[in-house]
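*Asks:* Each chain, written out:
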Amino acid sequence: MQFNSLHFLIFFPAVLLVYFVIPAKVRYIWLLLASYYFYMSWNPVYALLIAFSTVITYLCSLGIGMLNTDPRDRNRRLRRAMLIIGLAGNLLVLFVFKYFNFASDSVNAVLKGFGYSPIAPKVDFVLPVGISFYTFQALGYMIDVYRGDTPAEKNPLRYALFVSFFPQLVAGPIERSGNLLSQLKNVEKIKPFDYERIIKGFSVMLWGYFMKVVVADRAAVIVNHVFDNWWHLDSLALVLGTVFFAVQIYCDFAGYSAVAVGAAGVMGFTLTDNFKTPYFAVSVRDFWRRWHITLSTWFRDYVYIPLGGNRRGKARKYLNMMLTQLLSGLWHGANWTYVVWGGIHGLYQVAGDITRRPKERLYRRFGVNTGAKSFRVLKAAVTFCLVDLAWIFFRAPSISVACMYIARIFTHIDPWNLTNGSLADLGMDGRELNILLISVAALIVVDLLQKKKNRRFDSLLENQNMWFRPVVLLVIAFVIIIFGAYGLSFDPQQFIYFQF
Amino acid sequence: MKKIIALILTLLVFAAGMTAMYFSYDFKYLDSTYRWKAFYALPDNTVDVLGLGTSHTYESINTAVLWDKYGVTAFDLCGTAQPMTNTYWFFKEALKTQSPKVALLDLYSMCLNDEFPDEGNGIKNTYGMRMSRNKLDAINATFESPRQYYYSILQYHSRYGDLTAEDFFPYLGNERMYKDYKGFYCHFETKDLSEYGNLSDCTGFEPLSEKNKQALLDIIVLAKQNNVNLVLLGLPFGATSFNEEIYNTCGLIARANGVPFYDFLSDYYGETGIDYTSDFADRQHLNDLGSEKITDWIYDNILIGCDLPSHRGESGYETWDRDAEVWERQQKNQKLASCDEISSYAGMLSVDSDYTVLVTSNGIGGVNVENALEEGMFDCLDALGIGDGRRIYGDGGWIVRGGEVEYQSSMRDAGMVKTYELSRLHDAALARVAAGGDKDAEIFRNTVLIDGEDVTGGRMHTLYITVYDSVTDEVIDTVYFDYRQLTFGHVDTAEE
Numbered sequence: 001m002q003f004n005s006l007h008f009l010i011f012f013p014a015v016l017l018v019y020f021v022i023p024a025k026v027r028y029i030w031l032l033l034a035s036y037y038f039y040m041s042w043n044p045v046y047a048l049l050i051a052f053s054t055v056i057t058y059l060c061s062l063g064i065g066m067l068n069t070d071p072r073d074r075n076r077r078l079r080r081a082m083l084i085i086g087l088a089g090n091l092l093v094l095f096v097f098k099y100f101n102f103a104s105d106s107v108n109a110v111l112k113g114f115g116y117s118p119i120a121p122k123v124d125f126v127l128p129v130g131i132s133f134y135t136f137q138a139l140g141y142m143i144d145v146y147r148g149d150t151p152a153e154k155n156p157l158r159y160a161l162f163v164s165f166f167p168q169l170v171a172g173p174i175e176r177s178g179n180l181l182s183q184l185k186n187v188e189k190i191k192p193f194d195y196e197r198i199i200k201g202f203s204v205m206l207w208g209y210f211m212k213v214v215v216a217d218r219a220a221v222i223v224n225h226v227f228d229n230w231w232h233l234d235s236l237a238l239v240l241g242t243v244f245f246a247v248q249i250y251c252d253f254a255g256y257s258a259v260a261v262g263a264a265g266v267m268g269f270t271l272t273d274n275f276k277t278p279y280f281a282v283s284v285r286d287f288w289r290r291w292h293i294t295l296s297t298w299f300r301d302y303v304y305i306p307l308g309g310n311r312r313g314k315a316r317k318y319l320n321m322m323l324t325q326l327l328s329g330l331w332h333g334a335n336w337t338y339v340v341w342g343g344i345h346g347l348y349q350v351a352g353d354i355t356r357r358p359k360e361r362l363y364r365r366f367g368v369n370t371g372a373k374s375f376r377v378l379k380a381a382v383t384f385c386l387v388d389l390a391w392i393f394f395r396a397p398s399i400s401v402a403c404m405y406i407a408r409i410f411t412h413i414d415p416w417n418l419t420n421g422s423l424a425d426l427g428m429d430g431r432e433l434n435i436l437l438i439s440v441a442a443l444i445v446v447d448l449l450q451k452k453k454n455r456r457f458d459s460l461l462e463n464q465n466m467w468f469r470p471v472v473l474l475v476i477a478f479v480i481i482i483f484g485a486y487g488l489s490f491d492p493q494q495f496i497y498f499q500f
Numbered sequence: 001m002k003k004i005i006a007l008i009l010t011l012l013v014f015a016a017g018m019t020a021m022y023f024s025y026d027f028k029y030l031d032s033t034y035r036w037k038a039f040y041a042l043p044d045n046t047v048d049v050l051g052l053g054t055s056h057t058y059e060s061i062n063t064a065v066l067w068d069k070y071g072v073t074a075f076d077l078c079g080t081a082q083p084m085t086n087t088y089w090f091f092k093e094a095l096k097t098q099s100p101k102v103a104l105l106d107l108y109s110m111c112l113n114d115e116f117p118d119e120g121n122g123i124k125n126t127y128g129m130r131m132s133r134n135k136l137d138a139i140n141a142t143f144e145s146p147r148q149y150y151y152s153i154l155q156y157h158s159r160y161g162d163l164t165a166e167d168f169f170p171y172l173g174n175e176r177m178y179k180d181y182k183g184f185y186c187h188f189e190t191k192d193l194s195e196y197g198n199l200s201d202c203t204g205f206e207p208l209s210e211k212n213k214q215a216l217l218d219i220i221v222l223a224k225q226n227n228v229n230l231v232l233l234g235l236p237f238g239a240t241s242f243n244e245e246i247y248n249t250c251g252l253i254a255r256a257n258g259v260p261f262y263d264f265l266s267d268y269y270g271e272t273g274i275d276y277t278s279d280f281a282d283r284q285h286l287n288d289l290g291s292e293k294i295t296d297w298i299y300d301n302i303l304i305g306c307d308l309p310s311h312r313g314e315s316g317y318e319t320w321d322r323d324a325e326v327w328e329r330q331q332k333n334q335k336l337a338s339c340d341e342i343s344s345y346a347g348m349l350s351v352d353s354d355y356t357v358l359v360t361s362n363g364i365g366g367v368n369v370e371n372a373l374e375e376g377m378f379d380c381l382d383a384l385g386i387g388d389g390r391r392i393y394g395d396g397g398w399i400v401r402g403g404e405v406e407y408q409s410s411m412r413d414a415g416m417v418k419t420y421e422l423s424r425l426h427d428a429a430l431a432r433v434a435a436g437g438d439k440d441a442e443i444f445r446n447t448v449l450i451d452g453e454d455v456t457g458g459r460m461h462t463l464y465i466t467v468y469d470s471v472t473d474e475v476i477d478t479v480y481f482d483y484r485q486l487t488f489g490h491v492d493t494a495e496e
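Chains A and B are the protein sequences, given in the same order. Numbering follows the numbering used here, with no gaps: position 438 of the first sequence is 438. Numbering follows the numbering used here, with no gaps: position 141 of the second sequence is 141.
Just so you know, nobody snuck in bad clues.
Below, computed lysine-lysine pairings styled on DSS-like, alpha-carbon distance capped at 30 Å: (1) Lys-2(B) with Lys-189(A); (2) Lys-2(B) with Lys-191(A); (3) Lys-3(B) with Lys-191(A); (4) Lys-335(B) with Lys-191(B); (5) Lys-185(A) with Lys-276(A); (6) Lys-3(B) with Lys-453(A); (7) Lys-3(B) with Lys-451(A); (8) Lys-211(B) with Lys-224(B); (9) Lys-452(A) with Lys-3(B); (10) Lys-2(B) with Lys-453(A); (11) Lys-189(A) with Lys-3(B).
Just so you know, the hints here were simulated from the structure itself, not pulled from any lab data.
Could you put the whole structure together from the sequences, leaning on the hints where they help?
*Replies:* Structure below.
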């Protein structure tokens, strides 16, 4: 069940009602049942996969945890073996369900290139939603146990809930044991009904729904039209399509995360904020501190640093950065376009690092005031352009299409398109386009406020007069109900990141 | 405590907003969803004849004629292109509050073989029902993925671009016209269908879809269980051999189940007096003349033997009186709109208190007292109370309502506009505009605007009379009298 489905709108209040009423001791069991029901609503068989991941990481972590108690670490090999078993088991499942066919296609393509017949087989599995998320979450926990950063969880049901907690199960945030698991251990201490907490949680959920249902799904209409017809569209249309894709993917993913954070917040759990106004980033490196934060920190802590990070010289550092970004790209999808997308971001960061000192010297030489707001705006604009260019590879069906798309942007420039009405032909009528533009403007205003005040949406409302928050929430609710892209007129847009 | 009050107030405002949204956004199609509102408003057990089926039924079974001539209470509970499965659910729902003695079911939808209708018609044929098990079953039978249609808000929430003034008032903004609506609706146009006709030679049988066949059988059973005399009809339309072969197959089912079936395409062709050159509005539907003929025939040959009481004059049946009055009104308007005899036109205008007449004249004209047409036009103006006796034309504008001159002006000032509210949904204006639309032109003319749209022809030296009817809430006619060319006619704005 998706967050923007009627099923969830009935499921969540029902879960809450029982959650508020049952004894504190069994609340986590109720949440576990609800989480498995949530996941099985996609496909009952998925429960087996998540259970497998849960069991294997639970057992391996338990074993590692028991062996961790040896101060001389005499069982280092056994500990490592357990870690490897846990990693291999989970990554194997991930590989089979997500990457097997991609690998087969790639091998066959290489064979074909050399004049051989394809030999690699393919499998007919449907990609289970959220498998990349909960696999990484479970692996992160197991690695934390191995490193001694967190004790092994002995309660299997509590651990199972950590892996399957429904608000963040299918599209993150990817939680760390230090955050979510420790809260689950203290679930009995959570006051069931806290007015302010619940209102704040609903506020965040509402904002998430606005981003997803009003902005992202509406922007998708233009994006789909442009990317389905790129070969006969002019430069401006292609640029707009790319810009709206940036809006779409941000609002889709950040919207989902907001609903997840809000839903968890209603129940008394604090999930990690996954987005912090990413399009105001002043560099690509800054972008990755603001975008899908939990994934980038996961890769930092479990891939980049173990590879050596920046501790082994510049060349190794850049290699590690590239490898991390390439893997991050691959994590997003089983297609070379995602790998290239990741690689582009890697190159951006490498280039950014290489040119950092020369740029600083240049700024000093020419007396550029790097603290000026206009300079930061310029940097943010350039960063947005770089990120948006990379998004083309993320969205395009193939690398060749992405390259031709980009080439066409520069070869089919027609400034008259701004005034000759062709912009009205982007798959959306004028009224819907106006609604989209106004919604994006509202989004920018809220994001600017969040950035300036360094506070999340719910906290922005908290410190206003008593009447202000209900009025804002009512307006947002009615905007979602009236202008939301759902129902007969619109194709429901599944959250983009679900396919990961 | 303050927070609790704030929360309660917020929820109340939310509930009020959702209620307002429901009343304004919900679908109000006259050919389907609105019909249910009118049906539910009827006193229980007052309908003796229930019309079922598609638009073929509701444009043929004239409920006003049945009441006016025979005192029979009828209601056409139908929907556009309504699949037979939906007809079953309509019938079942109707039986919750009514006990009709006769159900007249037209079989046109047996010719529609789609497994599921298109979504628009699906919504039209399910959403008018009150939420109930019947409605959910109807939705399940109508849509391939029915769950998203259980909640109408999912479909109507995006109507913000289609909302009209009618959405914000009860009875589609016209209480006199729609409050007592009995489901009958027809067009007044005429289309020659002489190329269609008798299909008696068509004796083949076309297999029915399983879904349609089962639905028909279910209706037959339902009628028997509820002691309703079910009569199957093959109402006249521009049919082909395919349609007749479907009807032949239906005839077998009818005979096997002891249900009478009147096939007007073949067995009863010619008996009703339906003229295929003049009695149809389009290929699928009878017009006003055709509906009267078929309704009279149905009463004289079918209903008369069903012991239907006449309820005329009885208390509790006043809504049928009012519905019949609307039909009379529509007929009168039709007569006016098709009247080509100017003196008769004058007569129809003069005695009607529900007409608002807007008159404009342009340019100075001469006088020819020996011209019959002109005399007729003077009669018109006198009937309206605006003839000045001197019989000299000039620029001017008049608004006459219920025989009283409410406004008159020489209308010589360029750009002048006199607005006038016709109803809560429509307004009119007398305006002096530049001829040909050129703002810099020095020639101006007087015109009538209805909801901002020019309804006259833009001719000079011409008198225009626009007639608005407050009962049907519509402009029913605009005529012109060119006092230089001495011509009279109806303005067809498309041609002008």
